[in-house]
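Enquirer: Just need the whole structure built from these sequences, with the hints factored in.
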Amino acid sequence: MATTTSTALSNRNRLLGFGLATLAAIGFSGKAILVKLAYYQPIDAVTLLALRMLFSAPFFLIVAWRHVGRKDLTPLTGRDYLALLILGLLGYYLSSLFDFIGLQYISAGLERLILFLYPTMVVVLSAVVLGKPFGRKEIVALLLSYAGIGVVFFDEITIQSAHLLLGAGFVFASTLTYAAYLIGTGETVVRIGASRFTAYAMLVACLATVLQFLFTHPPQALLLPMRVYQLSLLMAIFSTVLPVFMLSAAIKMIGSSHTSLIGSLGPVATLFMASYFLGEELSLAQIGGATLVMVGVLSLSLK
Numbered sequence: 001m002a003t004t005t006s007t008a009l010s011n012r013n014r015l016l017g018f019g020l021a022t023l024a025a026i027g028f029s030g031k032a033i034l035v036k037l038a039y040y041q042p043i044d045a046v047t048l049l050a051l052r053m054l055f056s057a058p059f060f061l062i063v064a065w066r067h068v069g070r071k072d073l074t075p076l077t078g079r080d081y082l083a084l085l086i087l088g089l090l091g092y093y094l095s096s097l098f099d100f101i102g103l104q105y106i107s108a109g110l111e112r113l114i115l116f117l118y119p120t121m122v123v124v125l126s127a128v129v130l131g132k133p134f135g136r137k138e139i140v141a142l143l144l145s146y147a148g149i150g151v152v153f154f155d156e157i158t159i160q161s162a163h164l165l166l167g168a169g170f171v172f173a174s175t176l177t178y179a180a181y182l183i184g185t186g187e188t189v190v191r192i193g194a195s196r197f198t199a200y201a202m203l204v205a206c207l208a209t210v211l212q213f214l215f216t217h218p219p220q221a222l223l224l225p226m227r228v229y230q231l232s233l234l235m236a237i238f239s240t241v242l243p244v245f246m247l248s249a250a251i252k253m254i255g256s257s258h259t260s261l262i263g264s265l266g267p268v269a270t271l272f273m274a275s276y277f278l279g280e281e282l283s284l285a286q287i288g289g290a291t292l293v294m295v296g297v298l299s300l301s302l303k
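Numbering (UniProt numbering), first residue to last: 1 to 303.
Please keep in mind that the hints were generated in silico from the structure rather than gathered at the bench.
A virtual CB, placed ideally from N, CA and C, is assigned to each residue, including glycine.
Be careful, since some hints might not be right.
What the hints assert, rightly or not - What follows is a set of in silico ranges between Cβ atoms, one per label pair, in the way DEER data are often shown:
| id | residue 1 | residue 2 | range |
| --- | --- | --- | --- |
| 1 | Leu278 | Pro42 | 16 to 24 Å |
| 2 | Leu211 | Ala127 | 20 to 28 Å |
| 3 | Arg14 | Tyr40 | 35 to 43 Å |
Expert: This is the structure:
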């Protein structure tokens with residue numbers, strides 16, 4: 001009887017983990033849709049990112065405060081604070097800034113596909129910087145992934161603005177900085193703890209974003225239509241805070257491998273949401289390109 005109960009509980013936890021991972025993937029994907037909707041209003045990337053961070057900061061402050069003074073946690077050293085500073089700026093500030101700028105010029109669907117390339121960049125950077133093995137399987141994965149991006153990119157040349165290359169370049173830079181951030185997080189997260197690391201690193205990014213806004217914009221730049229505040233709040237809650245913690249919970253319940261595989265739903269969700277909410281064309285070329293990208297990335301994830 002006890003074994004049956006334990007098995008049922010385990011199955012329930014796994015089902016919950018898969019559900020949380022799916023919701024996290026959809027939440028992260030919805031960010032591009034909310035950003036594009038906000039750009040229908042008179043707002044620039046720095047101001048929009050500052051609003052997102054301002055609305056997100058209280059949630060991460062609460063999480064950070066809960067970790068203060070806990071005796072069961074390893075005390076932070078100067079090296080830890082330096083790592084949090086660098087990784088917070090790299091993974092949550094620069095990566096987000098480049099992404100928001102890029103979304104001014106390209107479709108939400110293309111943006112999500114380029115961002116989804118980050119595992120391939122992790123493999124390349126790990127080979128170049130850390131000397132990790134790089135063989136035939138990795139080469140095939142790269143060829144498939146970037147061929148898929150090429151298909152979508154050239155399909156959108158005919159329907160996108162003249163700044164398509166500029167936007168794609170910024171989003172690619174976002175993906176590259178995020179990949180570099182992931183490479184640097186491993187040892188730090190283990191030492192600090194996932195939730196504490198995420199909260200502190202996000203607060204670093206929040207502070208950097210707000211400082212950039214204050215140095216580059218007058219205070220009256222925050223006098224915006226109510227629609228912008230609504231979208232920014234939705235972005236903070238449903239595409240930043242909740243997905244971050246749902247992802248952490250999912251990893252605990254079903255493991256990082258299963259969670260990352262479910263994350264492949266992201267580009268698909270973005271394509272369909274962009275078609276429904278933004279009226280972006282969902283062409284056969286986009287579907288074919290997205291398939292190539294996901295096959296290439298998933299071949300690395302499965303490994």
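Enquirer: So, for every hint listed, does it hold in this structure?
Expert: Do the hints match the structure? See the list:
{"no.": "1", "hint": "Leu278 <-> Pro42: 16 to 24 Å", "verdict": "18 Å, holds"}
{"no.": "2", "hint": "Leu211 <-> Ala127: 20 to 28 Å", "verdict": "35 Å, violated"}
{"no.": "3", "hint": "Arg14 <-> Tyr40: 35 to 43 Å", "verdict": "41 Å, holds"}
In this structure, only the earlier hint numbered 2 is contradicted, and the remaining ones agree with it.
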